[in-house]
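J.: Whenever a hint applies, use it, and build me the whole structure from the sequences.
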Amino acid sequence: MKKLTAIFGSCLFFFVVMTMYLLLDQFQITIDKQKFIEETQNVEKSVNDIGRDINKLEEEINSNDRIIDSMKDRVQGIDAADPGFQNRPKPIIPIKDNEGAAPDFGGNSEPSEGMCSFTNTPSGDKQDIRMLDFFDEIPFDDIDGGVWKQGWDISYSRNAFDNKKLKVFVMPHSHNDPGWLKTVVSYFNDQTVHIISNIVDALAKDEKRKFIWAETSYFKMWWDQTSPMRRQLAQEQIRNGQLEIVTGGWVMNDESNPHYWNMLDQMMEGHIWMQQHIGVKPKYGWAIDPFGYSSTMPYLLKRMGFEGMLIQRVHYNVKKYLAKKKNLEFMWRQNWDHGKSTDIFTHVMPFYSYDVPHTCGPNPKVCCQFDFRRLSGGGMFCPWHIPPKRIDDHNVRERAETLLDQYKKKAQLYRSNVVLAPLGDDFRYDKEFEVREQFSNYEKLMNYVNSHPELNAEIKFGTLQDYFHAVFEREGVKPGDHPPGFPTLGGDFFTYADRNDHYWSGYYTSRSFFKHMDRELMAHLRAAEIIFSLANAHSQHHGNFEGEDLFHKLSGARKELALFQHHDGVTGTAKDHVVTDYGSRMHRAIKDSVAVMAKSANFLLTTDKNQFKDSSEGVQFFKFSETRGNFDSIPTKNTFIVSNSKTSVCFYNSLAQDRRQTVFLHISEPIVQVTTPDGKVIPHQVSLLWKDSDNLISSKYLLSFVADIPALGLARYEIKKDDSGQESFATTTTYNTRRSYENRHITVKSGSGKEIKLKNHHFEATFDVESGLLTDMKLKDRPLHKMQIKFKKYGTTGRMDKSGAYLFMPDGQATTLNSLNQPVIVTEGKIFSEVRVKTEYVLQIVRVYHGQVDEAKSLKIENILDIRQTSNFELVMRIESDLKNKEKEFFTDLNGFQIQRRKTLAKLPLQANFYPAPALVFLQDGTSRLTLQTQQSNGVASLETGYLEVVMDRRLMQDDNRGLGQGVRDNKVTPSFFNLLLEDFDTPKQQVAKPPPVAYQSSLGITLSHQIQHPIFTFFIASTVSGQQYLPLARGLKIQLPCDTHLLNLKTLPKNIKDEPGDVSTLLLHRIGYDCHFKSHCSERRQTFQDVFDPLTVNDLKETTLSLLHLKKDMNPQTRIDVPPMEIKAFKLKLK
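The opening residue of the sequence shown carries number 1 in full-length UniProt numbering; numbering runs sequentially from there.
These are calculated hints, taken from the structure and not from any lab test. The hints are all genuine.
Distance ranges between label pairs, derived from CB positions:
1) H577 x S871: 20 to 30 angstroms
2) D141 x G926: 30 to 40 angstroms
3) Q852 x H577: 46 to 56 angstroms
4) K680 x D1122: 35 to 45 angstroms
Taking lysine to aspartate or glutamate pairs in the EDC-like style, the calculated list, with each CA pair at most 16 angstroms apart, reads:
5) K759 x D854
6) K754 x D776
7) K1038 x D1091
8) K1136 x D1094
9) K591 x D632
10) K790 x D768
Glycine included, each C-beta is placed from N, C-alpha and C at the ideal position.
T.: Right under this line is the structure:
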């Protein structure tokens, strides 16, 4: 019927057209007969096309009908199998807040659009303030502004507050670093325990008093040891709004170096503890001390249900420029957001610091007089040599009017005549003296102002929520909504400068060893969380897997990694002994994570789980393949003992995609046979092992082969001696050395020539023999590209202010380090080939993979750094290519979550053009892209066209006058790993005058990035155990997720405050945007939750906010997994 109707309509259309032509003819309008015939033929063609479209549509309708019928049958089957199914909650049941309105958590509940449609649609151009353009506009001058040195002389009219009375919220606070000059435990015992107790006691005396607290790590330590009475008081004060928990993360995390997994996990750790023990759900973010701000953090806060946030350490010229237009408050939007669902209200503090002299108004000399800790007896003084005065009846008027003048001047920088006046600093209120003097003197000032209506002002103690709610109320919007007239902003706030040319780009690399260790712990902990959750779920059906002790190890590891995300932890800006404390904690957390993985993998691979055993006679059945002797040493590979009988090795893949990747083992015997889980003998390669560049290890060998491991799964391979394995030996060639090497199995020959070439099916790489370093790269059937690696170094300026832990103050352009005529060793085989060279400060291994693996499409670069004998030395790897990136544009990631366009600006000093690269940096022209993926955070730049450079380690002999009081001299031998990926666009990249501020990796880039961040974990199975005891494979997922859907975590939640494992897990999924101008794309097919986890049963599925505090909706496990591009979604579920 539908088809007949459509054909009839088409015929009617044809008849109308013919009639129009006849009418025109009747009115004697000359018609070109040939044109008439052509038009008629076009109409007939349209009718035919419509007919074909109708046929196609009819086929699709029939196909959809069949699918719907199948789904109906399936639902009826579920209904029959589960009588309670019809009574389950309907999907999309938002919870109500106290006012009865559904909270707005942002995000889209509609089915998501296709990835290519998303990433091909321009975004980031609708914001009122675009930070990259903003940098072009700002003059970056350093004009003396008078009392406000970095601003101007602020004035206001006498009637400025006649229509809108000034509202001031004085907000007492204490910034407590969980490690900086002291360790977290020392700070707590010396100061923090007293701070929280003093505040709780002070608030109990007057309900008008307020305070804010940020760090859950410290609050937990206090809670665990304080009295029941103080606990009850604190709980009441939090619930009645006197004591507000702001942000509520485990720490106030850095925003330049951490991976977004770490940022999210530390927030979750804090929020879960607060919810379980206090019952509080933070709503506002407070980040006064991170050294620059990433746009990843506002996204996470928005999706956690936050309504607003505050930041402080923004470049002083950016602050001034924003303040001039009253744009210090804005809606911060993600550059990739095509709408406004990620908008979050943001407040920027206007002045130099968050201490009292810089928070009441523009004149620090005046504001310091209202910091009553600096009264005689408080142990502090004002550097402007005008001390505070206690407030009494004789001076209260003059003091109140003086303070009010500063508040009114500060109000001129904002739109609403509501002023926030933080009252605190680092570790304040640790003395009862300060608590008493601050509260009592401000109460007198408040009483005076509030009793004189002619002043048009109201001052009271307040929290962050009090301030934001007052702004929203005055602007006539609900909390969290966009106030009319306030701008939107897109971008980030890097690189930070607090004065002059003092750019804080040094900490992007400081303590590189521990930045690397941070990522190792992240990978270990995430993998342990996932495999424990799977083992715990399977154990509920059968087996004697006892997980409580393992869960305690996981819980402890979470807290240690969370602690290191502190803005003086992962930044590398703490005292040496504090860094040692962080390192020791992470070392313990890595060992605990390994223990969890080993036991969980053993259980999942055990054939008869009711007979599961972890060890026998003191021998652990699963042994990790690496050993780390101390926290400050590089892991070493354990040796796999090869015998005449088959011995098993187990590989664990923590990614939600099936994985084919090259694995490496140190083996005791060189002639071996490798068999797969299904018993097939596979190709392998045996190579020589080297201690350094040219010191041969004769007692063991390097075995490599390609392993296939299922998504979230385990694969067991078997290895034994095999006298017929000679053809598996790699060839070894040396250059620039006269040493001879002897091995009874592998011959080492001496090479000659000027070039070394390594190639596979995808590209060819050329190396210079004299230096051993890469010079060129050529994709298959494409032109040759210059691709020259050089090692360079920066010194520090000869001025008074030099480079230190925070600042990068170079002495000019980088100088090249001599790397000629070093011994070069080349290994070539069927699994991989590599070039190894050791310069004075770097042992570099550049590896090319062969075979059908994704890693064969990139170069693997492993650098082992040692700059312990240098002085004021910053080691750089520069890649000089012939790509023509327009205007020196390049791209860096933000926390591994998103990618931001950058531009090298000539008007800025060299150090200002360095940016953080937690996971990658790339540049591109119209035809090609060059990407450098990194395993850890580094400072990066593109100072010349076609150049990428990365600062790998730094050693500074002096303090940079930012409070640390020391240089960076505790360097270690440090691993620094990269993927170098050259790609040609499949469809040309359009060169536009104003390119978007956001970019995306290729789908291949996403896969390689996952591989470098989340390595395969290897376990040796004890030779005393029969192979029949274990399955050949254990699948975590029945169906792998599409390559753009990353399973961030599958994490077992505690069931109570005793930290015991519960039966509820959280599932976190991130759909990563990819650039469709490259060949490979991800599947758009979406599976249901139940299908993916089968044979485990998914129950009680709920979507929540990212830190699990708010329920968004109940869900049916048969719902398809549908995460919109770039979004992260969190779910609670029970797996059984």
